[in-house]
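**Student:** Below, each chain spelled out in residue letters.
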Amino acid sequence: MVASAHASPSTAPISITLRVWRQAGPNQPGKFVEYPAKDLNPNMSFLEMLDVVNDELERKGEDPIAFAHDCREGICGTCSLVINGKPHGPHRGVASCQTYMRSFADGDVIVVEPFRAKPFPVIKDLISDRGAFDQIQQAGGFITARAGSAPDANAIPVPKDNADLAMDAAQCIGCGACVAACKNASAMLFVAAKVSHLGLLPQGQAERDQRVLAMVSKMDELGFGNCTNQYECSAACPKLISHDFIARMNRDYIGATFRQAFRPKSLSTAGGA
Amino acid sequence: MASLDSKIPSGPLADKWRKHKTEIKLVNPANKRKYHVVVVGAGLAGASSAASLADLGYQVTCIVFHDSPRRAHSIAAQGGINAAKNYQNDGDSVHRLFYDTLKGGDYRAREANVHRLAEVSVNIIDQCAALGVPFAREYGGLLANRSFGGAQVSRTFYARGQTGQQLLLGAYSSLSRCVGQGTVKLVTEHEMSDLVVVEGQAKGIITRDLKTGKLHRWSADAVILATGGYGNVFNLSTYARGSNATAAWRAYKRGACFANPCFTQIHPTCIPVSGDYQSKLTLMSESLRNDGRIWVPKKKEDCKKDPNSIPEADRDYFLERIYPSFGNLAPRDVSSRAAKRMCDEGRGVGETGLGVYLDYSDAIQRYGKQAAARANLQNPSAEKIRELGEAAVAERYGNLFDIYKEITDESAYKTPMRIYPAVHYTMGGLWVDYNLMSNIPGLFVLGEANFSDHGANRLGASALMQGLADGFFVIPYTIGDYLATQKPGSRPSADRPEFAAAEKNVADMIAKLLAIKGKEPVNYYHKKLGKIMWDYCGMSRTEEGLIKAIGLIQNLRAEFWAGVNVPGSAETLNQALERALRLADFIELGELMCRDALERRESCGGHFREEFQWPDGECKRDDENFAHVAAWEYQGEDKVPLRNIEPLNYEFTKMSVRSYK
Numbered sequence: 705m706v707a708s709a710h711a712s713p714s715t716a717p718i719s720i721t722l723r724v725w726r727q728a729g730p731n732q733p734g735k736f737v738e739y740p741a742k743d744l745n746p747n748m749s750f751l752e753m754l755d756v757v758n759d760e761l762e763r764k765g766e767d768p769i770a771f772a773h774d775c776r777e778g779i780c781g782t783c784s785l786v787i788n789g790k791p792h793g794p795h796r797g798v799a800s801c802q803t804y805m806r807s808f809a810d811g812d813v814i815v816v817e818p819f820r821a822k823p824f825p826v827i828k829d830l831i832s833d834r835g836a837f838d839q840i841q842q843a844g845g846f847i848t849a850r851a852g853s854a855p856d857a858n859a860i861p862v863p864k865d866n867a868d869l870a871m872d873a874a875q876c877i878g879c880g881a882c883v884a885a886c887k888n889a890s891a892m893l894f895v896a897a898k899v900s901h902l903g904l905l906p907q908g909q910a911e912r913d914q915r916v917l918a919m920v921s922k923m924d925e926l927g928f929g930n931c932t933n934q935y936e937c938s939a940a941c942p943k944l945i946s947h948d949f950i951a952r953m954n955r956d957y958i959g960a961t962f963r964q965a966f967r968p969k970s971l972s973t974a975g976g977a
Numbered sequence: 260m261a262s263l264d265s266k267i268p269s270g271p272l273a274d275k276w277r278k279h280k281t282e283i284k285l286v287n288p289a290n291k292r293k294y295h296v297v298v299v300g301a302g303l304a305g306a307s308s309a310a311s312l313a314d315l316g317y318q319v320t321c322i323v324f325h326d327s328p329r330r331a332h333s334i335a336a337q338g339g340i341n342a343a344k345n346y347q348n349d350g351d352s353v354h355r356l357f358y359d360t361l362k363g364g365d366y367r368a369r370e371a372n373v374h375r376l377a378e379v380s381v382n383i384i385d386q387c388a389a390l391g392v393p394f395a396r397e398y399g400g401l402l403a404n405r406s407f408g409g410a411q412v413s414r415t416f417y418a419r420g421q422t423g424q425q426l427l428l429g430a431y432s433s434l435s436r437c438v439g440q441g442t443v444k445l446v447t448e449h450e451m452s453d454l455v456v457v458e459g460q461a462k463g464i465i466t467r468d469l470k471t472g473k474l475h476r477w478s479a480d481a482v483i484l485a486t487g488g489y490g491n492v493f494n495l496s497t498y499a500r501g502s503n504a505t506a507a508w509r510a511y512k513r514g515a516c517f518a519n520p521c522f523t524q525i526h527p528t529c530i531p532v533s534g535d536y537q538s539k540l541t542l543m544s545e546s547l548r549n550d551g552r553i554w555v556p557k558k559k560e561d562c563k564k565d566p567n568s569i570p571e572a573d574r575d576y577f578l579e580r581i582y583p584s585f586g587n588l589a590p591r592d593v594s595s596r597a598a599k600r601m602c603d604e605g606r607g608v609g610e611t612g613l614g615v616y617l618d619y620s621d622a623i624q625r626y627g628k629q630a631a632a633r634a635n636l637q638n639p640s641a642e643k644i645r646e647l648g649e650a651a652v653a654e655r656y657g658n659l660f661d662i663y664k665e666i667t668d669e670s671a672y673k674t675p676m677r678i679y680p681a682v683h684y685t686m687g688g689l690w691v692d693y694n695l696m697s698n699i700p701g702l703f704v705l706g707e708a709n710f711s712d713h714g715a716n717r718l719g720a721s722a723l724m725q726g727l728a729d730g731f732f733v734i735p736y737t738i739g740d741y742l743a744t745q746k747p748g749s750r751p752s753a754d755r756p757e758f759a760a761a762e763k764n765v766a767d768m769i770a771k772l773l774a775i776k777g778k779e780p781v782n783y784y785h786k787k788l789g790k791i792m793w794d795y796c797g798m799s800r801t802e803e804g805l806i807k808a809i810g811l812i813q814n815l816r817a818e819f820w821a822g823v824n825v826p827g828s829a830e831t832l833n834q835a836l837e838r839a840l841r842l843a844d845f846i847e848l849g850e851l852m853c854r855d856a857l858e859r860r861e862s863c864g865g866h867f868r869e870e871f872q873w874p875d876g877e878c879k880r881d882d883e884n885f886a887h888v889a890a891w892e893y894q895g896e897d898k899v900p901l902r903n904i905e906p907l908n909y910e911f912t913k914m915s916v917r918s919y920k
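Sequences listed follow chains A and B, in order. Under this note's numbering, the letters of the first sequence match residues 705 to 977, in that order. Under this note's numbering, the letters of the second sequence match residues 260 to 920, in that order.
Please note that the accuracy of each hint is not assured.
To be verified - In silico DSSO-like links for lysine-lysine, alpha-carbon gap of 30 Å or less:
#, chain 1, residue 1, chain 2, residue 2
1, B, K444, A, K742
2, B, K473, A, K742
3, B, K284, A, K864
4, A, K764, B, K473
5, B, K559, B, K673
6, A, K822, B, K444
7, B, K776, B, K786
8, B, K470, A, K764
9, B, K470, A, K822
10, B, K473, A, K735
11, A, K764, B, K790
12, B, K746, B, K266
13, B, K776, A, K742
14, B, K763, B, K898
15, B, K673, A, K887
16, B, K776, A, K764
17, A, K790, B, K664
18, B, K473, A, K822
19, B, K293, B, K280
20, B, K284, B, K444
21, B, K746, B, K778
22, B, K266, A, K735
23, B, K787, A, K742
24, B, K786, A, K742
25, A, K887, A, K790
26, B, K807, B, K898
27, B, K266, A, K764
28, B, K776, B, K763
29, B, K293, B, K444
As the list claims (entries may be wrong) - Under 10 Å between C-beta atoms, here's a sample of chain B residues computed to sit facing chain A:
#, residue
30, N382
31, A499
32, Q637
To be verified - To spell it out: a stretch of chain B is covered by chain A in this simulated footprint if at least three of its residues, at any positions, have a beta carbon under 8 Å from a beta carbon of chain A; those stretches are:
#, region
33, 278-291
34, 730-737
Read the hints as simulated data drawn from the structure, not as lab findings. Backbone N, C-alpha and C define an ideal beta-carbon position, used for all residues, glycine too.
Make a model of the complete structure from these sequences and hints.
**Tutor:** As structure tokens, this is what we get:
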């Protein structure tokens with residue numbers, strides 16, 4: 705939708721009821737608790753609405769609703785709310801922090817939960833632990849290039865189409881919505897994005913096989929499930945990363961498995977004298 | 260009185276860094292593994308330094324308050340990173356980048372530091388390309404560039420509107436490699452709460468585990484702070500909500516000097532404030548000024564009209580009018596103040612009158628016609644040109660237009676964006692010498708957290724450059740010069756009384772905050788602080804206003820410590836407590852910023868004192884009395900801090916009146 709020229713958005717206040725997941729700690733039972741939120745400016749962001757509700761709770765000396773957030777402009781990947789059953793809320797291609805109250809109607813009941821998946825245990829209220837993503841990166845999501853060793857940046861041209869496609873994949877913000885949206889809690893979109901980003905660039909070729917094998921193996925080890933081929937992941941992705949990258953990763957993985965098994969290897973790893 | 264020896268090497272400017280590298284002490288590989296370095300923060304500077312030092316063989320622990328190092332706010336930088344590659348063949352050089360940066364900073368940075376920054380800028384692009392950063396490329400596969408403010412060459416490298424994200428993910432991937440290989444120990448969700456100084460040297464830190472509330476002691480041979488800037492003193496800013504000054508402030512209270520705290524950057528192109536519930540301001544990248552034209556109506560009565568209905572003759576493209584040679588690409592401080600002057604004259608637009616237009620209609624026409632010519636379209640219709648032009652603009656800036664649409668519900672393809680200046684960066688920070696070491700031996704400060712390279716105003720696309728320069732190419736050399744003076748294995752045990760005292764200091768502060776149980780939430784006080792800072796220590800400052808602000812902040816501090824209500828306990832994840840601890844430091848830092856602004860009786864860069872201006876409203880510097888760094892030294896609770904001075908000796912450049920006309 706394109707706003708009509710210079711139409712100022714409606715600022716008639718709305719009131720809603722929040723039904724929020726409250727859980728005191730990692731191994732404690734949680735439950736939904738209702739909070740009214742009255743006279744909200746519809747141009748307020750969803751997180752600003754939570755700020756207002758929390759200020760009220762703090763005034764009363766009650767524990768505010770814990771939620772993860774930081775940049776509030778859709779790039780850091782910290783915010784992670786399931787709003788009315790959808791990771792990051794009703795709109796396509798945005799993070800929770802870019803959801804505005806104008807998306808809701810006066811009198812709505814809004815259900816808010818944390819991202820849920822076995823490898824993402826809830827820490828408190830709406831915050832879950834996504835450290836598993838870092839572990840997958842640490843297993844192979846990199847190009848080994850120590851500072852000081854790089855050739856001139858223009859020494860290796862990269863075809864523009866490849867660079868653009870690599871950038872499409874590299875946009876992943878590591879929020880975990882793909883996992884939260886998947887009934888198998890699969891992390892394949894996340895892993896595929898990194899494998900594709902680095903695999904599309906000439907600089908990423910030396911470690912390409914090793915990378916995909918290590919990252920997929922770590923992903924399995926951490927308890928993420930398999931792809932359902934239903935693409936809830938890319939539908940929920942705030943950067944709209946395409947599930948085509950999953951197919952690309954699968955191709956890489958199969959190729960790497962064969963090459964790993966049959967490629968001759970030097971018996972010695974020793975350097976020169 | 261602190262000793263502030265800048266340790267700038269002797270010799271010709273262009274040789275200083277090379278000469279210094281060959282003269283500073285080295286640590287042999289067998290000894291490197293005996294030294295433990297704690298790096299706080301994992302933005303561009305933190306992640307790149309942690310990875311580089313680990314690759315050299317040091318034991319490194321990297322501590323971040325986020326749940327992952329990839330969340331650091333470097334990720335939000337949009338437009339680009341400068342480097343003197345001269346790939347465009349347009350006359351760029353290391354010297355030009357050096358000169359532009361020094362001039363952009365209004366001659367309040369160190370010559371030698373800025374020259375080194377320009378020298379290593381070229382290595383950064385090489386390093387990042389090798390790490391797989393998907394920079395924008397031309398059809399031939401070579402790297403593309405665009406222009407940024409304060410420069411007449413095209414030297415900015417970019418990855419769509421997400422350059423900071425891609426560079427940070429590059430640095431993060433290096434850090435992740437080291438963590439995976441076991442050469443860096445990564446500790447997430449820990450906030451640094453105090454610095455431990457043993458016998459005059461930085462030898463460790465105290466952290467609070469944000470999930471459990473437990474306090475931890477970390478003993479180290481050297482400590483690196485890469486903890487970012489302090490713009491959230493203003494409450495509303497383009498910073499992430501979690502960005503804070505606590506690590507730097509606690510180091511200050513342990514004796515590290517805080518340099519030029521009043522040098523804050525107000526970025527000209529942000530989305531204007533809309534309501535008092537607002538928690539953050541969103542930047543619209545400076546790169547938009549490559550193609551967008553900034554204007555306000557010539558007549559006050561046109562301000563509330565539909566901008567598309569205002570004829571060309573009634574528009575004032577004020578940056579092009581006042582600064583014809585730089586036009587819409589005048590530096591940030593200059594552009595921000597010009598926008599403020601237009602609004603002060605009553606020609607601001609939008610609901611609040613605090614806004615100016617950033618208009619893309621000319622660019623859409625220009626790109627549309629070019630695209631039609633490329634496609635060999637004969638007599639293309641106006642609609643076709645518009646369609647092609649919008650597509651070309653979307654390719655360059657699409658994500659920024661999307662962000663604007665999300666926030667304002669308006670399409671900037673159809674109607675001009677409304678923008679207004681907002682707090683964006685802090686040039687001030689902990690004082691460091693040429694080796695990036697503070698006046699506390701063993702404490703190093705990198706990236707935005709230090710003060711050294713941007714003077715009184717930072718040029719666009721230079722923050723990313725500095726973060727990575729410090730982490731990848733400076734600290735790996737300079738830290739050795741200090742560690743070589745420390746006996747391997749001599750770092751103190753965390754059982755020493757200095758660690759216990761620092762831990763108790765933190766525990767006491769937490770207990771005190773939790774015991775207040777007053778009436779107001781933390782945000783209430785943060786909003787009040789922000790308003791005082793914006794009104795009196797923002798885009799323009801006066802002696803009278805600053806004196807008033809210091810009084811108001813002192814009162815606010817007393818109110819906060821008597822009236823805040825922090826629910827919950829210290830032993831769990833407690834976000835209200837985290838905010839309260841950070842705000843307690845922001846309040847004190849806010850006072851220091853006002854004090855620094857008051858004492859600096861001149862205007863320079865982002866620091867504009869109304870009493871000191873040229874008749875045309877530009878900054879009037881006083882090089883005779885203020886060509887120096889003001890490095891503030893803590894003197895104790897409720898005592899006025901000491902203002903130390905490091906003179907800025909310009910050996911090679913003439914300090915001239917900065918002109919962009």
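**Student:** Run every hint past the structure and note whether it holds.
**Tutor:** Cross-check of the supplied hints:
{"no.": "1", "hint": "K444/B with K742/A", "verdict": "violated (46 Å)"}
{"no.": "2", "hint": "K473/B with K742/A", "verdict": "violated (37 Å)"}
{"no.": "3", "hint": "K284/B with K864/A", "verdict": "violated (44 Å)"}
{"no.": "4", "hint": "K764/A with K473/B", "verdict": "holds (26 Å)"}
{"no.": "5", "hint": "K559/B with K673/B", "verdict": "holds (23 Å)"}
{"no.": "6", "hint": "K822/A with K444/B", "verdict": "holds (25 Å)"}
{"no.": "7", "hint": "K776/B with K786/B", "verdict": "holds (19 Å)"}
{"no.": "8", "hint": "K470/B with K764/A", "verdict": "holds (23 Å)"}
{"no.": "9", "hint": "K470/B with K822/A", "verdict": "holds (19 Å)"}
{"no.": "10", "hint": "K473/B with K735/A", "verdict": "holds (27 Å)"}
{"no.": "11", "hint": "K764/A with K790/B", "verdict": "holds (25 Å)"}
{"no.": "12", "hint": "K746/B with K266/B", "verdict": "holds (22 Å)"}
{"no.": "13", "hint": "K776/B with K742/A", "verdict": "holds (25 Å)"}
{"no.": "14", "hint": "K763/B with K898/B", "verdict": "holds (22 Å)"}
{"no.": "15", "hint": "K673/B with K887/A", "verdict": "violated (41 Å)"}
{"no.": "16", "hint": "K776/B with K764/A", "verdict": "holds (10 Å)"}
{"no.": "17", "hint": "K790/A with K664/B", "verdict": "holds (21 Å)"}
{"no.": "18", "hint": "K473/B with K822/A", "verdict": "holds (26 Å)"}
{"no.": "19", "hint": "K293/B with K280/B", "verdict": "holds (22 Å)"}
{"no.": "20", "hint": "K284/B with K444/B", "verdict": "holds (26 Å)"}
{"no.": "21", "hint": "K746/B with K778/B", "verdict": "violated (53 Å)"}
{"no.": "22", "hint": "K266/B with K735/A", "verdict": "violated (60 Å)"}
{"no.": "23", "hint": "K787/B with K742/A", "verdict": "holds (23 Å)"}
{"no.": "24", "hint": "K786/B with K742/A", "verdict": "holds (21 Å)"}
{"no.": "25", "hint": "K887/A with K790/A", "verdict": "holds (12 Å)"}
{"no.": "26", "hint": "K807/B with K898/B", "verdict": "holds (18 Å)"}
{"no.": "27", "hint": "K266/B with K764/A", "verdict": "violated (54 Å)"}
{"no.": "28", "hint": "K776/B with K763/B", "verdict": "holds (21 Å)"}
{"no.": "29", "hint": "K293/B with K444/B", "verdict": "holds (15 Å)"}
{"no.": "30", "hint": "N382", "verdict": "holds (7 Å)"}
{"no.": "31", "hint": "A499", "verdict": "holds (4 Å)"}
{"no.": "32", "hint": "Q637", "verdict": "violated (28 Å)"}
{"no.": "33", "hint": "278-291", "verdict": "violated (count 0)"}
{"no.": "34", "hint": "730-737", "verdict": "holds (count 3)"}
The structure is inconsistent with the numbered hints 1, 2, 3, 15, 21, 22, 27, 32, 33, although it conforms to all the rest.
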